[in-house]
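Student: The lines below spell out each chain.
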Amino acid sequence: MKSTCILIFLTAALGCLKAQQPVVPVTGSLSPLKPATDGKVWGALVYATNDIKGLTGSTEVVPADFADIPSRLGKVFPYQRFEILGQHLQDVFREYESWVVPTKDLFLKVDSKGPADGGGMNLHLQFWRDQQVLVKTDAVLKEGSPLFIGGPKWREGQLLFVLVLQKSR
Amino acid sequence: MKTPSEDHDLIRYLDGEMSDTERASFEVRMAADPMLNSEVNMMQRMSADLRTHLPAEMPVPYADFFNSQIQMRISQEESVTLPVSRSWWFDWLRIPTLATAAAAVAIGGFMIVQNHDQPASNSIVHSIYVPNPTVRARSFHSDEAQATVLILDGVEAMPSDRQMVSFHIKRTETDQEMATTTLFGESGQVVAVVVKDSRNQPCLLSANPRG
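One line per chain: the protein sequences are L and C, in this order.
To convert, take the position in the first sequence, counting from 1, and add 86; that gives the numbering used here.
To convert, take the position in the second sequence, counting from 1, and add 3; that gives the numbering used here.
No lab work stands behind these hints, which were simulated from the structure alone.
Treat the hints loosely; a few may be bogus.
[What the hints assert, rightly or not] Dumping the calculated DSSO-like pairs for lysine-lysine here, alpha-carbon to alpha-carbon at most 30 Å:
1) K253/L - K126/L
2) K239/L - K161/L
3) K195/L - K161/L
4) K199/C - K120/L
5) K161/L - K126/L
6) K126/L - K199/C
7) K139/L - K161/L
8) K120/L - K253/L
9) K126/L - K173/C
10) K199/L - K120/L
11) K173/C - K239/L
12) K161/L - K253/L
13) K126/L - K239/L
14) K253/L - K199/L
15) K199/L - K173/C
16) K173/C - K199/C
17) K120/L - K195/L
18) K173/C - K161/L
19) K239/L - K195/L
20) K239/L - K199/C
21) K199/L - K199/C
22) K195/L - K253/L
23) K173/C - K195/L
24) K253/L - K173/C
25) K173/C - K120/L
26) K195/L - K199/C
27) K239/L - K139/L
28) K126/L - K199/L
[As the list claims (entries may be wrong)] Only some residues are given here: those of chain C computed to face chain L with a beta carbon under 7 Å:
29) I127
30) L153
31) V158
32) T184
[What the hints assert, rightly or not] Have a look at the derived ranges for each label pair, beta carbon to beta carbon:
33) G143/L - A160/C: 18 to 24 Å
34) A160/C - A153/L: 26 to 32 Å
35) I138/L - T137/C: 28 to 34 Å
36) R174/C - V147/L: 17 to 23 Å
37) A123/C - A150/L: 22 to 28 Å
38) S144/L - R174/C: 20 to 26 Å
39) L17/C - K253/L: 50 to 56 Å
40) Q166/C - K199/L: 34 to 40 Å
In this text, a Cβ means the ideal position worked out from N, Cα and C, and glycines have one as well.
Assemble the whole structure, with the sequences as input and the hints as a guide.
Tutor: In structure tokens, the structure reads:
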């Protein structure tokens with residue numbers, strides 16, 4: 087049933103790519119099994135610009151837990167406006183890769199390397215642009231200490247990737 | 004016998020880092036010193052051979068193992084005092100494993116980041132690998148933003164007319180057998196599926212193709 091569901095979607099998506107027609111999205115859960123996780127991360131792709139007229143009009147809103155992210159970005163990158171283009175809240179799976187995909191264009195592969203000394207997670211990260219990996223990095227991600235990746239320029243500004251370790255609840 | 008400063012000049016000459024005046028002066032020295040001239044020619048040939056035989060992009064197999072070996076080698080190198088009377092270029096090349104790794108470092112853009120004196124509460128970037136040799140990566144911690152920053156300089160800009168296909172993903176499910184990850188949106192609908200091709204590269208299939 088699970089495989090059938092995915093196959094149906096893949097077929098539909100491929101058909102959609104070919105025909106450029108929207109498809110009816112599949113809903114519901116594909117698997118009742120919950121794999122082991124090491125934590126949860128929030129990832130976002132941000133368009134940073136000084137050109138207010140050039141904003142995309144995205145309606146994405148920063149979650150309350152990370153509301154200070156735009157102001158923190160402003161302390162590092164020389165831009166005045168930070169527009170969230172897409173966002174993704176993702177479990178970090180213990181035994182296999184996780185994907186943080188706020189946009190189809192720029193996304194992140196995350197492999198857990200286990201808990202870090204003194205809290206946080208050891209991660210192997212790969213930052214992808216379409217089918218091209220831009221950077222691979224081994225990092226420790228700590229609560230309250232986000233990772234900002236300064237990515238490619240776009241329009242009058244720059245695309246930034248934000249990765250935050252969600253606080254343990 | 005060359006002095007360390009002559010070694011330094013040789014490296015700067017090979018790397019094209021000399022000014023016109025310095026380069027002209029160095030070439031006068033080369034003309035007067037057949038040994039130096041011979042060494043320069045040999046290093047240029049080796050460099051050209053390396054560029055010819057190594058691909059521009061090389062995936063690092065077993066990256067963690069690779070990283071640990073590099074770090075171990077650096078520790079070993081730091082604990083050894085090399086005689087100054089011999090060109091370090093040749094010492095470097097006499098260690099086959101290190102020579103291979105260092106070539107990958109130079110071409111592949113691998114870098115180990117020093118993280119001395121970082122408070123335990125900070126996120127840390129330990130190592131960076133950039134496949135594209137035209138891209139430079141650097142990392143630092145911003146105390147003001149309380150964030151760790153990884154900057155990629157030289158990445159090709161996104162075309163201005165490219166429309167970003169954005170998602171708001173709430174959860175995912177992974178199917179190990181089919182090597183797929185299904186991404187679900189806010190209303191529980193499937194918005195995209197990540198599949199990997201035969202080269203282990205991700206391919207995103209979404210219900211919202213770029214229009």
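Student: Now, for every hint given, state plainly whether the structure supports it.
Tutor: Evaluation of the provided hints:
1. K253/L - K126/L: holds (8 Å)
2. K239/L - K161/L: holds (18 Å)
3. K195/L - K161/L: holds (26 Å)
4. K199/C - K120/L: Distance of about 22 Å is within 30 Å: holds.
5. K161/L - K126/L: Holds - the C-alpha atoms of K126/L and K161/L are around 25 Å apart, at most 30 Å.
6. K126/L - K199/C: Holds, because 23 Å separates the two Cα atoms, which is no more than 30 Å.
7. K139/L - K161/L: The given pair, whose Cα atoms are some 22 Å apart, holds under the 30 Å limit.
8. K120/L - K253/L: At roughly 20 Å apart (the allowed maximum being 30 Å), K253/L and K120/L satisfy the hint.
9. K126/L - K173/C: holds (11 Å)
10. K199/L - K120/L: Distance of about 19 Å is within 30 Å: holds.
11. K173/C - K239/L: Satisfied, since the Cα-Cα distance of roughly 27 Å is no more than 30 Å.
12. K161/L - K253/L: holds (22 Å)
13. K126/L - K239/L: Since the Cα atoms of K126/L and K239/L sit roughly 28 Å apart, the hinted pair holds (cutoff 30 Å).
14. K253/L - K199/L: OK: K253/L and K199/L at ~18 Å, within 30 Å.
15. K199/L - K173/C: With Cα atoms ~23 Å apart, K199/L and K173/C stay inside 30 Å; holds.
16. K173/C - K199/C: With Cα atoms ~21 Å apart, K173/C and K199/C stay inside 30 Å; holds.
17. K120/L - K195/L: holds (19 Å)
18. K173/C - K161/L: holds (28 Å)
19. K239/L - K195/L: The hint holds at about 21 Å.
20. K239/L - K199/C: holds (27 Å)
21. K199/L - K199/C: holds (21 Å)
22. K195/L - K253/L: holds (20 Å)
23. K173/C - K195/L: Holds, at about 16 Å.
24. K253/L - K173/C: holds (17 Å)
25. K173/C - K120/L: holds (15 Å)
26. K195/L - K199/C: holds (12 Å)
27. K239/L - K139/L: holds (17 Å)
28. K126/L - K199/L: holds (14 Å)
29. I127: holds (4 Å)
30. L153: holds (5 Å)
31. V158: holds (4 Å)
32. T184: holds (5 Å)
33. G143/L - A160/C: 18 to 24 Å: holds (21 Å)
34. A160/C - A153/L: 26 to 32 Å: holds (30 Å)
35. I138/L - T137/C: 28 to 34 Å: holds (32 Å)
36. R174/C - V147/L: 17 to 23 Å: holds (18 Å)
37. A123/C - A150/L: 22 to 28 Å: holds (26 Å)
38. S144/L - R174/C: 20 to 26 Å: Because 21 Å falls inside the window, the suggested range holds.
39. L17/C - K253/L: 50 to 56 Å: Given a distance of about 51 Å, which is inside 50 to 56 Å, the answer is holds.
40. Q166/C - K199/L: 34 to 40 Å: At roughly 35 Å between Cβ atoms, K199/L and Q166/C fall inside 34 to 40 Å, so the hint holds.
In summary, this structure violates none of the numbered hints.
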